[in-house]
Every structure is written in C-alpha cells, then in structure tokens.
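Peer 1: Residue strings, one per chain:
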Amino acid sequence: MIIIQNINKKFSKLEVLKNVDLTCNKGECIALIGPNGCGKTTLIKAVLGMVLPDNGTIHFNEKSISNEYLYRNDIGYMPQIGRYPDTMTIGQIIEMIKIIRNSNEALDEDLIKAFELEKMFDKQMRTLSGGTTQKVSATIAFLFNPEVLILDEPTAGLDPLASEILKEKIIKEKEKGKLILITSHLLSELDDLVTEIIFMQDGEVHFHKKVATLLEETNESKISKAIASVLKQKKPETQNPKLETIS
Amino acid sequence: MNRIIKIILSDILKNKIVLAYTLILAILSWGSFSLEDNSSKGILTILNVILFTVPLVSILFATIYLYNSSEFIELLLSQPIKRVKIWMSLFIGLSSSMVISFFVGAGIPLLIFAPTAIGLMMLLVGSLITIVFVALAFLSSIITRDKAKGIGIAIMTWLYFALLFDGIVLFLLFQFSEYPIENAMVGITAFSPIDLARIQILLQLDVSAMMGYTGAIFKDFFGTSLGLFLSFLLLCLWAIIPYFISLWKFKNKDL
Amino acid sequence: MKTINYILFLCFFSFVVNGQKIEVGATKKIKSIKGAIALAKPGDTILVHKGTYKEGNIIIDKKIILLGKDYPVLDGQKKFEILSIKADSVVIRGLKLIRSSYASMEDPAAIKIYSHNYILIENNILDDNFFGIYIQNGQNCIIKNNVLKAYGKEEQKLGNGIHCWKSNDIQIIGNNIQGHRDGIYFEFVYDSVIWRNSSQNNIRYGLHFMFSHNDSYITNTFRNNGAGVAVMYSKEVKMINNKFDENWGQSAYGILLKELNDGYILGNQFIKNTTAIYMEGSNRMKFENNLFQENGWAMVVQASCDDNVIVNNNFIGNTFDMGTNGSLVLNNFDSNYWDKYEGYDLDKNGFGDVPYHPLSLFAVLAESNPSTMLLYRSFMITLLDKSEKVLPSITPDNFIDNKPLMKSLPI
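Taken in sequence, the protein lines are chains L, R and D. Residues 1 to 247 in the UniProt record's numbering are what the first sequence lists, from first letter to last. Residues 1 to 255 in the UniProt record's numbering are what the second sequence lists, from first letter to last. Residues 1 to 411 in the UniProt record's numbering are what the third sequence lists, from first letter to last.
This is chain L alone, in the form it adopts within the complex (with noise of 0.2 Å):
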C-alpha cells in the first residue's frame, strides 16, 4: 500500500533519513521504533508529503505522492504533539476538518463519544491539557474512516484510561483490515497491537520483521524483550550508547 524507495532526507548538513526501503502492505500494523532522533517523524512527514525528500519515491496505492495531495484523503494522521489554533474551540476544530475534508461519507464518531469531548466542545485549544489535545488528535486522525492510520507517539500524554480506549480502537481498526503506522517509545504497549516493527536507527532501516518471526528468533514472549535481546547481540559491533536509552 505504501512503497518507500530509496529516500534521502538532509537538514543542512544533518543527514536524517538514508537509503529508507520500507513496504506497508493492508492489514498491517507496524510499530516503527528507534531512538530519539532517529528519523521516525520525519520519515511519516515525508509520507504525508509534509517533508520533501531529496531523493528517492513514496508511492501510495501504487501512485507517486509528489506533487499529489488527494491521497491524504485515505490517511489519518496523529500528530506527536497536535498544536492546534489557540483562539478556536474544539468544536470549531472538528467542524473545520469536515468542513475541510468535505467528505459524504459516514463518521467515526466513536473516539468523540469515548473520550467525552462533546461536553468540551466550548473549550478553547489554548485552555486544554496535553491530553485532552491528544484525545482531540486522535478523534481528527480516525474521523473519517481512512484506509491508513499514521499515529505518532499516540498514547504519550494520556491517562491510563485514554489510553486503553484508543489501544482498543486502534485494535478494531487494524481488525477492519487498514494499515496502521504507530512510532512509539512505550514497546510494552505496542504487544497486543503490532504485527511488524521496523526498527530505524541513525535515519538508517535497521530491521523490518513480522513481529512473530522476531519473537521466534530471540525466544521472547515481549516485543521489548525481543527488541533488547536484538540490541544486545547488536551491541558490541555497533557501538551505540544511544541504545541503553531504550527500553
């Protein structure tokens, strides 16, 4: 569904994203972890056609994206941190996006009622808690019944209790057979979710397994230990000391 090919990416001098091969196929759900500054944001900014790669293709549903933005009509997109206008309520956001998006087809309205933000729906963007922007990212990103959920960093900044709702959503979405994309620090949330994890290190690839494979390799029952026990038999040939920072 969506082809990544060869893509360069450089902030100045700063090389972010190097030589990414990657292909996400329906019914996927694929965890892209790694350490922080690795390339995972803006690896998905790229595939939003947010980022310009400098070289290389992203092809969605066999169609190039340059130049192309109508195939965001089929992606869902959570910000890592949504920032939204201050002065705007999140009624007035939510009717924006439809209005935006001026879509016939039904809502999934379920996130709306889950979280209870119809009782906040006069609040100002500026008043709310990091969680409750998040919850207002997450009902945007599953509004409209897109083919591709793109989730940064979902569950960061919410409660316990959130938090279980969206796992449960996105469950239930992944069950209707859409692709979904989450990058993610907390790997002990990611194990009843994920089918694939693609492990990015540097703006490099470094692996990209079905997660059953991984946990067959490593004999783990845990995405994070099978991810540590990668990272340990990496350790001495890489050298990294970013890799204690991962859980």
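Think of the hints as simulated: they come from the structure by calculation, not from any bench. Predicted, not measured: the structure shown is a model, and the values here were computed from it. There may be inaccurate statements among the hints.
[Unchecked claim] In silico lysine-lysine, DSS-like type, Cα no more than 30 Å apart, as pairs:
#: 1; chain 1: D; residue 1: K157; chain 2: R; residue 2: K219
#: 2; chain 1: R; residue 1: K249; chain 2: L; residue 2: K63
#: 3; chain 1: R; residue 1: K82; chain 2: L; residue 2: K174
#: 4; chain 1: R; residue 1: K41; chain 2: D; residue 2: K386
With chain L held as given, fit chains R and D onto it using these hints.
Peer 2: Structure of chains R and D alone, referenced to chain L:
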C-alpha cells in the same frame, strides 16, 4: 479554497490586534476629519497613516500571524489540501482582513468627508499598500524559521521603505544635483511601493505644486494615464512578486 | 463721468436727433457695407442685416454707428483686417467678425482703432481672428460685452484678444476672451479700468500689463491661462476682487509681479495655481483680505522685494505658503490666517501667542533643488520639517508672522 479562506478570515477578524488596529484608524480619521471644517487636515492624517502605520501594521501583524499559525498550517498539510491552496488562502485571508480593517477604520470616514478623487485614490492606494506589505510579510516569514529573526526582517523591511529609502533618494538628489537626474529619479521611485503610493496621492493632493518646477516632469510621467497605469501595475507587482517567491519557497519547504 | 456723459450724448445724437438710417442687406437696396459707408454722412446709422459679408478691409473714416441685426457675419477670409476705424466717435455694435488676416509685422485685427477717440465697441462676437480688438493710441474708448475666441496652438500664430497700446481712459467691461495669445494686453495705458471680464484658456497670459500706471482691474476672472497674469513695470495698479484660478505650469502664476510699485491688492481669490503670486523687485505693495487656497506656492517673494505689507489674508490648503530665494526679509507678514499654524492662544485675543514661520524647510530645499519635490510628504521630509520648525537653522528666522490669526477671516 473558499472554505479555508472563510476559516482564516473569521479567525483573523476575531483577533484583538486587528480590532484595535481598526479602532485606532477610526479614531484617528474621525478625529482629524471632525476637528476642522475643511477636510485637508483629515486627508493629511490619513496620508500619514497610509505611508506609515498601514505598512507597519500590515507587515508586522501578517508576519506574526504566519509564525503563530504554523501549527494550523501543519494541521492543514496533513489534510488532503494542496500546498498552493493553503498559502493562497492564508494570503487572501490575511490581506483581505487587513484591507477590511483599513476600509472600516479609514475608508468610511474618507468616503464620508472627502468623497472626491483624492479620497478614492487614497482608499485604493491604501488597500494596495496593505496587500503589498502583507506579501512582503509572507516573504520575510518564509525566509527564516526563527520567529524573532522573521519579525526582525519584517521591521527592517518596513524601516527601509518608510524611511531609509527616502533618505538615500534625498542623498542622491543632492549628490547629483548638477546632473539631469529627474528622469532617473522617477525610475527610482519604482523601487519603493510607499513612494509609488505617495506620489500618486501627491498628484491628486498637491496638483498645483506638482504642475510647477520639475514637478511637471513627475506630472508628465505619473499624471498621464500611462504613468497611472504603470505605477499601479508596479504596485501590483510589488504584491505579486514577493508573494510568488514566498509561494515557491513554501512549496519546497519541510514542515 | 465724462465718458458716461459722452455715451448719453451719443445715444441722443443717434436716435433722437435723427441722423439718417441706411440699411444694408441682400434684399435691400444697398448690398455692401462699403457702399453704405460711402453714402453715409457723419452721424448716420448703418444697419446691417443678417448675412455674410466678404468685403475685405472696411475702413470707417466717418463718425457713424455701425449696427448689426441678428449678428451679420463679416468675414476677413484670413486675408484682410476687417474693420479699421479711422474716425472719432464711432460705434460698432452687434456684429460677428470672423477670420481676420494674419501678419507678423502689422498686427491686423478684427477691429482696429487707429489713433482716434471716443469709440464704443459693444456686443460683438469675434471668432477665429488674429488680434481681436486693437486700440492703438486711443482715448476714452469703451470695449463692452464682446465675446472673443481664437483657436491657435502656437504663440506666434496668435494675436491678443483686446490689445491696448499707448492709450488712456479706456474701459474694458464684461468681455469674455478665450484662446488668444494674451487675453487682455496693456502697454503704456494709463488711467484705465478693466472690469468684470473673463479671460481664460489663453495661450500666454490672461492679462498682460506693462508700463501702465494708475489702472485698476476689478472683479475679473482669469482661469487656466498658459502663464496666468503678468503685471510688470507699472505703478499704482489696483487689483480688487479678481479671481485667479487653475493657472498651472512650470512658469504659470496667478499673478506675476515684476517691478511693480505702490500697488494695492485687495480681496482677490487665488485658487489652485502653481504659484499664486510671484514677486520680483516690487516695493511698497499692500496685500489685504485675499484668499490663497490650494495653490502650490501661495506667495513667492524674492529677496529683491521690500516694504511690502501682507496683512489679513487667508492661507488655506496650500502646498507651500511661502517661497523665497534669499535670506533677507524686509516685508511684513503679520496678522494673517495660516491653516498650517499649530500654535495656541492663551490670552484669547484672537492672535496666536507664538510666531508662525510661513517658510518651511522643504520649500527652501525645493527652491535650491526642485527635484526634491519627489520626496514631498514623505515621512522623512515631515520629520525634517518638524525639527526645523522647532529649531530654525536653514530658513531665515525673520520670515515670520508675529501675530498669526487663530481663525480664518470671512473672505
């Protein structure tokens, strides 16, 4: 596109700074018009507003607004909207709201107290100057990601056109007063939108003086319909060119 | 009084005393004006009926009254001077005179008076002539209610509308002159009056006045003439209640005063001229109760002028109130109303408590370098002007109105 413009417009028009700007313009113009029996004081006040306040507020407000709406731009970018459309909507939204402010604040008193060629010319030129400086704001805010730097560039741009440029022209005029430079000077005004605007109003306001002395040279150029057309074309170019440079930069920008 | 008595006498003479009446027309016995003049005796009236008369140069050498009925047309065919008056006490009334000849040496006119007196020229229409009405060495003549129009573009191909040379006691009343070189031209004309005329769209001056003393011009309108009005080398000229409008151009003036002494300028309106009054070498003039409105320069007083008094005038909406070329000021500008005055009147006596400097820094800059007009009203120039007002350094500090009026005068 209309949908986004509407959203942006309603957001800006609710902004307190825009309301204050409108109010200050209104107080200045109503005050100076009703101070005396003839409209000349009021017209002079509005002239100074057009040459000084309008460029400053337009460029500063637009620059700050653009930096503050970077989140909003990001949000829009993740939606199925063309980049060109987003930038265009922002431009139309910002410039039209500033023009509306100018019209409500200064335009209505102008139309009431000076419904003459001068009044109409000032209204037109004031609106164009607003749009030009909004366009320059787009350029200065796309040049750098740093908000403080961007605002600095905007203020410098304003200072240059409002003050420094005329200082340079004055210096040149006296430095080369021995040479026949009148025609060159007419050409030089094309490099400052404020000067273009000022001379057009001057030809209406001080027509008697402009007809005399070397003024005749300006009148021969700016006063003809060709000159009028050219200077309005130049003013439009001052809006179009910075805007399109900024658009091109925005299209290739990483967010 | 002398003149009016004379007119009364003339009327009496022509209608009551009953000179003979000779009718001229296509259907009358006498077909030509020339024929009628040949037949006429002094005191006769020639009545010319409607029609076109192409008779070349008509010389009037008898004391007759030439009357037109329904404006008969006398056509000079661009070859002849139409009427040459070579007798005293001639009356010309109700004719339409067109297409007089053009010559550069002889100055042919539609009507020319050759050294004779007591002539009345009234209610005529003059169209497309070289000179219109030309008085050469005449006295006690009246030119009244004529309409003169010419169409040339070049100064050399045009004559003056009403041209008076070496004459005195002339009255020019209620004429309308357009498109000539100078609307009204006076040279060596004394003790004469120009009253209620309108002179506009003339190529050079609306009124051109030289070496003519003790004349008055009252309630005339001079509009949009190539170079406005010039009054030069004359003494004791009175200019009262005239209107000088829209005289625009590099050297166009409402009035150009050159070497004019002891004149009196009262109650005139100067509106939208490039320079309303330009003075050079003029002394002891008094300007009172005039209105200067929306001019480029209200007054340019060159350093060669002294002892002039400018009092009780209104200066409203002018680009510059004053201009000058020197720093020596020997004129008095007290007690005028200046709309640019920003002072206050704490003692409520109607006069501002701080003096007004009518000469702005920028006026001085523009005088020395006219191109700087390009920068007028720019923010920087406004700043410079304001600082100069506070601390005069370039402008002469005695160029002031010590008692500026707080309110405009009802003019």
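Peer 1: So, for every hint listed, does it hold in this structure?
Peer 2: Tested hints:
At roughly 28 Å between alpha-carbon atoms, K157 (chain D) and K219 (chain R) fall within 30 Å of each other, so this suggested pair holds. Distance hint between K249 (chain R) and K63 (chain L) is fulfilled; the C-alpha atoms sit about 25 Å from each other, no more than 30 Å. For the hint linking K82 (chain R) to K174 (chain L), the alpha-carbon distance of about 29 Å falls within 30 Å, and the restraint holds. Distance restraint check for K41 (chain R) and K386 (chain D): the Cα-Cα separation of roughly 16 Å lies within the 30 Å cut-off, and the hinted pair is therefore satisfied.
Checked against the numbered hints listed earlier, the structure breaks none of them; every hint is satisfied.
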